[in-house]
Amino acid sequence: MERGIRIIKDILSNSIPPEHLERVNWDEVLNGFVVFKSNQKPLYTEIYKLELNDPEKLIFQLPKLYRNFIEEVAEDYVLGNISKTSEILTQSQDFVKRVHYLKTLRNVITKAERNRIKEELPLAYQRVTFQPSEKDIENAVKQKAREDLREKIQTWNREVKKDVILEKRAEPTAEKPAKNKKETKIISLWLKYSSVAAAIVIGFIVWQPHKSSNEMIFNNYKSNLSNIKDIDQFGGLDVVEFNLSLNNNISRDFEPFRPVIKGDTSYTKQQSLAIFKAIEEIKKGEYTNAKLVLTEINPKEDNRQVLFYLALAQLNSNEVEKAINNFNYLTNVAYYKFEIEVQFYLALGYIKKGELKKAKGILSSKLIQTSKFSSEADDILGELRWF
Amino acid sequence: MDIHQISDQELIELIKDDSDYLGVIYKRCYDYCIMFMHKVKGSNNSFDTDLDEVFNDAVMVLYEKILEGNFKLTASIQTYLSSVCRFQLLNRFKKNKQNISLEDFDNNGEHLQFDGAVTDTLVDVEAENEEQFKAMENALTEMKNAGGKCYELLTLFWYHKKSMKELSEIFGYTNPANAKNQKAKCQKRLEKLAFNYLNA
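Protein chains in written order, with numbering that gives the first Met the number 0: chain A, 0 to 386; chain B, 0 to 199.
Source of the hints: derived by calculation from the structure; they are not laboratory data. Accuracy of the hints is not assured; some may be wrong.
Claimed, not checked - Listing some non-contacts, in silico: residues in chain B with all C-beta distances to chain A over 10 angstroms:
1) N55
2) D56
3) L72
4) A74
5) E102
6) N128
7) Q131
8) K143
9) Y158
10) E165
11) E168
12) L189
13) E190
Claimed, not checked - Only pairs whose alpha carbons sit at most 20 angstroms apart, straight line, appear in this in silico PhoX-like list of lysine-lysine:
14) A:K283 to A:K299
15) A:K96 to B:K164
16) A:K102 to B:K64
17) B:K143 to B:K15
18) A:K117 to B:K93
19) A:K96 to B:K133
20) A:K352 to A:K336
21) B:K38 to A:K102
22) B:K179 to B:K148
23) A:K110 to B:K164
24) A:K110 to B:K15
25) A:K36 to A:K110
26) B:K161 to A:K110
27) A:K352 to A:K282
28) A:K102 to B:K93
29) A:K36 to A:K63
30) A:K352 to B:K26
31) B:K179 to A:K8
32) A:K151 to A:K141
33) B:K26 to A:K117
34) B:K93 to A:K110
35) B:K71 to B:K143
36) A:K8 to B:K164
37) B:K133 to B:K15
38) B:K64 to A:K117
39) B:K93 to B:K38
40) A:K352 to A:K134
Yeah, the Cβ is synthetic: ideal placement off N, Cα and C, and Gly gets one too.
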């Protein structure tokens, strides 16, 4: 009954005066609470035994205290702390109802929290390791604070001039000493405004509430594959055979080295089918298997068009560093078919890594600004944090 | 603190306080677990399952074990997670009536790190009364969207198993009794919202 007594003591501690607490027979009080719904007499008897000045006051509170008792024991029970008290109370409908409700509550919260944690797992590492350089923060804050403060000061100057004009109109014959007094007042008001505004501006800059986090931007745009989804069933790759059916079953005696995908080294039909299937998976947002298949066929050596899809799969499955390396490699390939796509997704990779300067450089480049990605690039540039 | 130098045991202590440290586990163990599952699956590609999902569930198993306070690290976290992935994958195969035995699995996974005795798995949450469950879900979402402390307070108490003392420290209440009062108020509010959904 230890847990039950602890709960009862907690519940009654504010209702029984301290000088009477020593007289309480906690086992009996607990028994009284357990049977309270069907029989109030045992609990009343225990209360009268305490010889309180006003026992009726406590008796009046008992229904509420009983509800608290049921709630606490039920909560304890749902959390896995099963006690003798809770075992006895399983005979009580009030208790069973409450346990059922609290179990539902716990399960709903468990479901929501599991989903949240699973969703945020890839980002959680960045959260615990995020340590921006103090110098960068300091410089950015200083620069932005200066700009914003300058703007504010200009606004105040305009306000102050307006006040002075109004003052002159109201007192056209004001004497010189009075004017000096007014100026002092304006300066002190100005200083007060400046300090408050500076604090607000600095707070605003650090917080940047109107800007999205790098992670958020990356997540919003990384899997936006609408730009590659309308590429043909061959993923836009240069192929030799155009009458190929993707559902062909490959038999073992099929000419194994007949090329299908053109490239630095041609792939066999079997390899090509695997590549097309992987590209279809990427288009559907399924990256794990596609990444394995594409890694195995070694596209960096054999086919740089296929390498683009591998990099895309890496970018979307938490291998940002590898994706950036591959995209960077592809930026140096002359007359590359997916030149624009490579630049756009490289920028996303940089955003994920927190290298915003590089990302901004790419997104505002002429190549992107005159491409199908121009509006997305503008949206991202508007959302990116200042530092 | 250099995150790369943290031992498994230290990591478990950190996770108890802050679930974001699960990200370190994700970073350290993801690649091996996915590779491990591909290996044990062997040539059984006819059953298509999302291995990322199996891995995420394994991380949740570990987290909930840590929260329960009865998690004893007998091998590395990596070995534990691989073992949970193995068991969960096998369950998924069985659920889809795939003809594969534990032996096949373990033969495929030879030379890889796992503990065959681990049979921990993520138990799905039950919804005894679907209607009540849905109403409560809607109420909780409404509470979350409304902002304020209630959603966080209830999730920290019911899922992350924080005590009243810990809650009072996290939210800056003067004592555990205040945290308890606040929790009771939030729970009452949630109950009212759920009631409205149930009777809408």
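Right, here's what the structure says about each hint:
1. N55: 4 angstroms, violated
2. D56: 8 angstroms, violated
3. L72: It holds; L72 of chain B is separated from chain A by about 20 angstroms at its closest Cβ, greater than 10 angstroms.
4. A74: At about 22 angstroms from chain A, A74 of chain B clears the 10 angstroms cut-off, so the statement holds.
5. E102: 25 angstroms, holds
6. N128: 7 angstroms, violated
7. Q131: 6 angstroms, violated
8. K143: 8 angstroms, violated
9. Y158: 4 angstroms, violated
10. E165: 14 angstroms, holds
11. E168: 19 angstroms, holds
12. L189: At about 7 angstroms from chain A, L189 of chain B fails to clear the 10 angstroms cut-off, so the statement is violated.
13. E190: 8 angstroms, violated
14. A:K283 to A:K299: 23 angstroms, violated
15. A:K96 to B:K164: At roughly 28 angstroms apart (the allowed maximum being 20 angstroms), K164 of chain B and K96 of chain A break the hint.
16. A:K102 to B:K64: 19 angstroms, holds
17. B:K143 to B:K15: 23 angstroms, violated
18. A:K117 to B:K93: 24 angstroms, violated
19. A:K96 to B:K133: Since the Cα atoms of K96 of chain A and K133 of chain B sit roughly 18 angstroms apart, the hinted pair holds (cutoff 20 angstroms).
20. A:K352 to A:K336: 26 angstroms, violated
21. B:K38 to A:K102: Judged against 20 angstroms, a Cα distance of about 39 angstroms means the pair is violated.
22. B:K179 to B:K148: Cα-Cα ~13 angstroms, so holds.
23. A:K110 to B:K164: 25 angstroms, violated
24. A:K110 to B:K15: Holds - the C-alpha atoms of K15 of chain B and K110 of chain A are around 19 angstroms apart, at most 20 angstroms.
25. A:K36 to A:K110: With a Cα-Cα distance of about 34 angstroms, the restraint between K36 of chain A and K110 of chain A is violated, given a limit of 20 angstroms.
26. B:K161 to A:K110: 17 angstroms, holds
27. A:K352 to A:K282: 24 angstroms, violated
28. A:K102 to B:K93: 29 angstroms, violated
29. A:K36 to A:K63: With a Cα-Cα distance of about 12 angstroms, the restraint between K36 of chain A and K63 of chain A holds, given a limit of 20 angstroms.
30. A:K352 to B:K26: Holds - the C-alpha atoms of K26 of chain B and K352 of chain A are around 15 angstroms apart, at most 20 angstroms.
31. B:K179 to A:K8: Given pair K179 of chain B, K8 of chain A holds - Cα atoms ~15 angstroms apart, limit 20 angstroms.
32. A:K151 to A:K141: At roughly 15 angstroms apart (the allowed maximum being 20 angstroms), K141 of chain A and K151 of chain A satisfy the hint.
33. B:K26 to A:K117: 13 angstroms, holds
34. B:K93 to A:K110: 24 angstroms, violated
35. B:K71 to B:K143: 34 angstroms, violated
36. A:K8 to B:K164: 18 angstroms, holds
37. B:K133 to B:K15: 30 angstroms, violated
38. B:K64 to A:K117: 16 angstroms, holds
39. B:K93 to B:K38: 18 angstroms, holds
40. A:K352 to A:K134: 18 angstroms, holds
Of the numbered hints stated above, those contradicted by the structure are hints 1, 2, 6, 7, 8, 9, 12, 13, 14, 15, 17, 18, 20, 21, 23, 25, 27, 28, 34, 35 and 37, listed in ascending order.
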